Amino acid sequence: MKKSKWTPLNITLGSLFVALTAVGSNITSIAPFLVVGGVPITLQTFFAVLAGIVLGSRLGAFSMFIYMVLGLAGAPIFAQFKGGIAMILSPTFGFIISFILIAYVAGKIAEKKRTLPMYIIAALTGTAINYIFGTNWMYAAYLFWFEAPEGFTYKLAWLWMIVPLPKDILLAIFAGSLAYRLEKITLISSKIKNQRHTA
Amino acid sequence: MSNSFIIGQYVPGSSIVHRLDPRTKMTIIFFFVIIVFLANSVGSYGVLIVFALLSMFITRIPIHYIVKGLTPVWFLIIFTFILHLFVTREGTVLFEIYTFKVYSGGVIQGFAIAMRFFLLILVTSLLTLTTTPIEITDAIEDMLEPLKKIKFPVHELALMMSISLRFIPTLMQETEKISKAQASRGVDFKTGPIKERAKAIVPLLVPLFVSAFKRAEDLAMAMEARGYHGGEGRTKLRALKIEKRDIFVYILFAIVIALLLYTRN
Numbered sequence: 267m268k269k270s271k272w273t274p275l276n277i278t279l280g281s282l283f284v285a286l287t288a289v290g291s292n293i294t295s296i297a298p299f300l301v302v303g304g305v306p307i308t309l310q311t312f313f314a315v316l317a318g319i320v321l322g323s324r325l326g327a328f329s330m331f332i333y334m335v336l337g338l339a340g341a342p343i344f345a346q347f348k349g350g351i352a353m354i355l356s357p358t359f360g361f362i363i364s365f366i367l368i369a370y371v372a373g374k375i376a377e378k379k380r381t382l383p384m385y386i387i388a389a390l391t392g393t394a395i396n397y398i399f400g401t402n403w404m405y406a407a408y409l410f411w412f413e414a415p416e417g418f419t420y421k422l423a424w425l426w427m428i429v430p431l432p433k434d435i436l437l438a439i440f441a442g443s444l445a446y447r448l449e450k451i452t453l454i455s456s457k458i459k460n461q462r463h464t465a
Numbered sequence: 162m163s164n165s166f167i168i169g170q171y172v173p174g175s176s177i178v179h180r181l182d183p184r185t186k187m188t189i190i191f192f193f194v195i196i197v198f199l200a201n202s203v204g205s206y207g208v209l210i211v212f213a214l215l216s217m218f219i220t221r222i223p224i225h226y227i228v229k230g231l232t233p234v235w236f237l238i239i240f241t242f243i244l245h246l247f248v249t250r251e252g253t254v255l256f257e258i259y260t261f262k263v264y265s266g267g268v269i270q271g272f273a274i275a276m277r278f279f280l281l282i283l284v285t286s287l288l289t290l291t292t293t294p295i296e297i298t299d300a301i302e303d304m305l306e307p308l309k310k311i312k313f314p315v316h317e318l319a320l321m322m323s324i325s326l327r328f329i330p331t332l333m334q335e336t337e338k339i340s341k342a343q344a345s346r347g348v349d350f351k352t353g354p355i356k357e358r359a360k361a362i363v364p365l366l367v368p369l370f371v372s373a374f375k376r377a378e379d380l381a382m383a384m385e386a387r388g389y390h391g392g393e394g395r396t397k398l399r400a401l402k403i404e405k406r407d408i409f410v411y412i413l414f415a416i417v418i419a420l421l422l423y424t425r426n
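Residue numbers (the working numbering), protein chains in the order written: chain A, 267 to 465; chain B, 162 to 426.
Wrong hints could be hidden among the right ones.
Straight-line Cα separation of at most 30 angstroms, BS3-like style, residue types lysine-lysine; simulated pairs [unchecked claim]:
(1) B/K402 - B/K309
(2) A/K374 - B/K312
(3) A/K450 - B/K375
(4) B/K360 - A/K433
(5) A/K433 - A/K378
Pulled from the structure, derived: some chain A residues nowhere near chain B, Cβ distances all over 12 angstroms [unchecked claim]:
(6) I387
(7) F399
(8) V429
Hints in this document: simulated from the structure, not taken from any laboratory. Fair warning: this is a prediction, and the values are worked out from it, not measured in the lab. Note that CB positions come from ideal geometry on N, CA and C, so glycine has one too.
Based on the sequences and whatever the hints tell you, model everything.
Next up, the structure:
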């Protein structure tokens, strides 16, 4: 009998991160929480980065892939409790795809060296990927689905995105340091720490 | 919130669309998304609209559920229409608003694109309105089977989807509980400077992580104790089966495609 590539612990942890990301995308409506200037914050990028750091690049990316597939399958786990296969047509779907990349890259960076500065770099890189990939996707989606005329330029797409950027940079730095602290607090005595090498 | 959450998009029912094999529905939607882009005449759009509306009525899902599912995209549809109205400069001038000239080409173009998007959203959302995420998970596992050859973890994908589905409501409740517990200890999530409120995230997330990791470990241990060893040689409780009605729907859809190709310019 061929042995499964992943241990049961890998599988359950990966699933837990899917659930955590689902919680993070709507945290403001579950817990009375940060609403900056009327815009509720989401912790999706935060959890994507964390998935990469804690689970490692491969399992982390796979976990974010499942988050995407599950949302498309109709579970209302995207921001604002959206879900369903029609989301694939939404111009903001690129941000959801970018979580897979974020987890992978953040995992790769953190696997190099597990120090606080590296974690912050991983989180910042993740946010950068989120923006670059998401905005390009949004622009392409407008061109493709709506055949947007010349009025909608590439510059305009970026102007749209510049507004929440400072908030997200701060959140990324915060995510990196929190990831470091969380790992210290929660993983010290558990065997989860060892599973990383097998994933 | 919690009630609507557990159900998600799915609306229970017993219509023929509900009872179709999820693989049939997914295949048809896949091809529908492609053929929508082939439509380029009034007739071809008509074929697609009739098909979409007919499927919608067959499901017997109350209209307001469907409308609710469409609300996030109304804005996009209208926005696209208006954009095309003002920017496209083809055909004859219909009327002027201030200095903007509205051309007949713009109206047609805008209407066509908005209709295309409306059709896409309507038909795709019918899948998730009539199919539970569990059914879709089974279908995905079955349809991705060939990918096992290139070492893609198809079984793990389906298993993790099911586990996640089960854990999402649990973790949501957990988060709610923790935030209330911490609030009663004096953690302030709602007022004060932003920096202070951002710091309040720590007493929320640390207990959440501790309990989430504990759950993961417990479940993994339970799986090991029951002898879980991967997907090899496992049988299924809910086996998928292609029935007569699935074949009927495939034939019907083939006719729709033929009609579409016949009516387009």
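Within 30 angstroms, alpha carbon to alpha carbon, are A/K450 and B/K375?
Holds - the C-alpha atoms of B/K375 and A/K450 are around 15 angstroms apart, at most 30 angstroms.
Please verify whether A/K374 and B/K312 have alpha carbons no more than 30 angstroms apart.
holds, 21 angstroms
Compare the distance between the alpha carbons of A/K433 and A/K378 with 30 angstroms, and conclude whether the hinted pair is satisfied.
holds, 27 angstroms
Taken at face value, is the distance from the CA of B/K309 to the CA of B/K402 at most 30 angstroms?
holds, 21 angstroms
Cβ separation check - A/I387 to all of chain B, threshold 12 angstroms:
Since the minimum Cβ distance to chain B is about 20 angstroms, A/I387 lies beyond 12 angstroms and the statement holds.
Holds or violated: is the Cβ of A/V429 farther than 12 angstroms from all Cβ atoms of chain B?
holds, 16 angstroms
Exclusion check [A/F399 not at the chain B interface, CB over 12 angstroms]
Its Cβ never comes within 12 angstroms of chain B, the nearest being 20 angstroms, so this holds.
Holds or violated: B/K360 and A/K433, Cα atoms, limit 30 angstroms.
Holds, at roughly 14 angstroms.
Hint compliance for this structure: no hint is broken.
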